[in-house]
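Participant: Protein chains in written order, with this note's numbering: chain F, 1 to 192; chain H, 193 to 371.
Think of the hints as simulated: they come from the structure by calculation, not from any bench. Heads up, the beta-carbon is just placed ideally off N, CA and C, and yes, glycines get one too. Worth double-checking, as some hints may not be accurate.
[Said to hold, decoys possible] Stretches of chain F that chain H covers, calculated by requiring three or more beta carbons in the stretch to come under 8 Å of a beta carbon on chain H:
no., stretch
1, 6–12
2, 35–46
3, 138–145
[Claimed, not checked] Partner residues are not named here, just some residues of chain F that face chain H (Cβ under 7 Å, in silico):
no., residue
4, Leu51
5, Val64
6, Ala67
7, Ala107
8, Val109
[To be verified] Beyond 10 Å from chain H on every Cβ pair, some chain F residues (computed):
no., residue
9, Arg23
10, Arg62
11, Ile65
12, Thr66
13, Ala85
14, Gly99
15, Arg100
16, Gln122
17, Ser133
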Amino acid sequence: MMHCTMDDLVAVRDGEGSVWARRHVEECDICRGEMDALYQRVAQLKAVPALRPPRDRWPMVRDVITAERSQRRRRWARGGLLLAAAFAGLMVLLPLMHGRAYADELAQVKQHSAQLEDSLQQYDLDGRVMSGSEADLTAQLEDQIAALDGRLSQMSERAAQDAQLVDLWRQRVDLMQHLVQVRVTRANYVGL
Amino acid sequence: MTLSLTVPDILVARAKAGDLEALEGLFRAFETPVYNLARRICRAPEDAEDVVQETFLEVVKSIRHYRGEGHLWGWIRQIAASKALMRLRREKLRATDELIDEAAGSPPASIGARIDLERAFAQLSETSRAVVWLHDVEGFTHEEIAEQMGRTVSFSKSQLARAHARLRRLLVAEPEVGR
């Protein structure tokens with residue numbers, strides 16, 4: 001009589017056996033006995049007493065963890081230093097970049113101021129009669145412009161903060177625009 | 193081998209945060225089952241100890257990625273099996289597997305009855321031991337074993353059947369069954 005091989009028995013145990021093998025294990029005492037023995041061996045294997053590790057490996061594991069962590073911290077510290085250096089470089093470069101931007105702006109505002117000076121020349125109505133209020137406003141604006149010019153002439157462009165210098169020139173341009181407006185209005189009024 | 197393999201969630205959470213005490217807690221909870229798994233696969237106890245160390249270093253490195261799906265032991269067991277099998281491959285013990293298997297193939301009949309299961313198991317080749325332990329004791333599927341070993345599913349199945357045939361021969365001094 002043909003019996004199951006161990007492949008057949010293991011396959012039947014794992015629910016993968018052929019129809020023949022499954023039926024044979026049910027019908028054959030020898031193969032059923034082999035199947036029981038297989039189950040017993042596995043059960044015994046599962047029940048073998050646990051082996052204890054002879055040495056405690058935790059201190060070694062902990063040392064490796066600690067070493068890796070301090071290595072990582074050093075890497076972070078190096079990264080931090082690089083970042084700080086990059087930041088410092090940026091702090092040096094940014095004012096230079098801003099300085100260039102202020103210089104461009106200063107040149108523009110000075111050019112605008114010069115154009116307004118030209119416009120004032122065209123509408124120079126000093127020789128003509130003005131109302132009292134107009135004369136008063138014109139005088140105030142001219143005084144303010146003179147005061148600004150005084151402050152600008154006192155400022156050394158090198159010593160002054162670029163932003164402050166640009167601001168003073170902008171104020172001068174505003175006053176000049178106002179003055180030009182007064183004179184344009186007056187010129188229109190008198191029919192020039 | 194009955195061990196409690198349940199650890200509190202708070203311990204896992206603290207370990208994920210890198211708490212050294214919690215990591216030690218996990219080590220203490222799983223060092224014995226990891227050692228046993230490794231010990232059944234690796235022949236030398238020192239190798240099994242190394243597997244324990246490598247497994248826990250991997251656990252420390254990867255625990256942040258453990259999402260709590262399934263039992264923690266299942267996750268650690270996968271790492272341990274992988275490390276143990278990697279050690280087998282690295283040491284090229286597989287090359288001598290067949291020799292060991294065959295050399296021990298014919299024990300004297302008189303000691304067949306005396307030999308206990310553990311001793312018989314110890315006589316199996318590295319690969320056979322690994323397959324039997326991972327499949328029948330740890331509950332790995334043949335697919336998982338094949339993947340871990342870099343072999344085919346049919347290789348895992350045939351190794352298992354072959355190992356059981358050999359265990360039977362070692363334990364029972366009877367003629368082998370066969371078609």
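Participant: Now, for every hint given, state plainly whether the structure supports it.
Facilitator: Evaluated hints:
1. For the stretch 6–12 of chain F, the stated coverage by chain H is satisfied: 5 residues place a CB nearer than 8 Å to a CB of that chain, which reaches the threshold of 3.
2. A count of 7 residues in the stretch 35–46 of chain F with a Cβ less than 8 Å from any Cβ of chain H is obtained; the coverage claim is therefore met, three being the minimum.
3. Counting residues of the stretch 138–145 of chain F whose CB lies closer than 8 Å to any CB of chain H gives 0, so the stated coverage by that chain is violated, three being the minimum.
4. Hint status for F:Leu51: holds, given a least beta-carbon distance of 5 Å to chain H, under 7 Å.
5. Checking F:Val64 against chain H: minimum C-beta separation of about 6 Å stays under 7 Å; hint holds.
6. With a least beta-carbon distance of about 11 Å to chain H, the hint placing F:Ala67 at the interface is violated under the 7 Å criterion.
7. For the restraint placing F:Ala107 at the interface with chain H, the shortest Cβ-Cβ distance is roughly 57 Å, beyond the 7 Å limit, so the hint is violated.
8. At a threshold of 7 Å, the smallest CB-CB gap from F:Val109 to chain H is about 58 Å, leaving the interface hint violated.
9. Distance check for F:Arg23 against chain H: the nearest CB is about 14 Å away, which clears 10 Å, and the non-interface claim stands.
10. At roughly 7 Å from the closest C-beta of chain H, the C-beta of F:Arg62 falls inside 10 Å, breaking its exclusion from the interface.
11. Look at F:Ile65: its CB is around 6 Å from the nearest CB on chain H, not clear of 10 Å, so calling it non-interface is violated.
12. Listed as outside the interface, F:Thr66 is inconsistent with that label: its C-beta sits roughly 8 Å from the nearest C-beta of chain H, within the 10 Å cut-off.
13. Remark: the non-interface label on F:Ala85 is consistent with the geometry, its nearest Cβ contact in chain H lying 29 Å away (cut-off 10 Å).
14. The beta carbon of F:Gly99 is kept farther than 10 Å from every beta carbon of chain H, the shortest such distance being approximately 47 Å.
15. Against chain H, the non-interface label of F:Arg100 holds: every CB pair exceeds 10 Å, the least being about 48 Å.
16. The beta carbon of F:Gln122 sits about 77 Å from the closest Cβ of chain H, which is more than 10 Å, so the claim that it is off the interface holds.
17. Listed as outside the interface, F:Ser133 is consistent with that label: its C-beta sits roughly 78 Å from the nearest C-beta of chain H, beyond the 10 Å cut-off.
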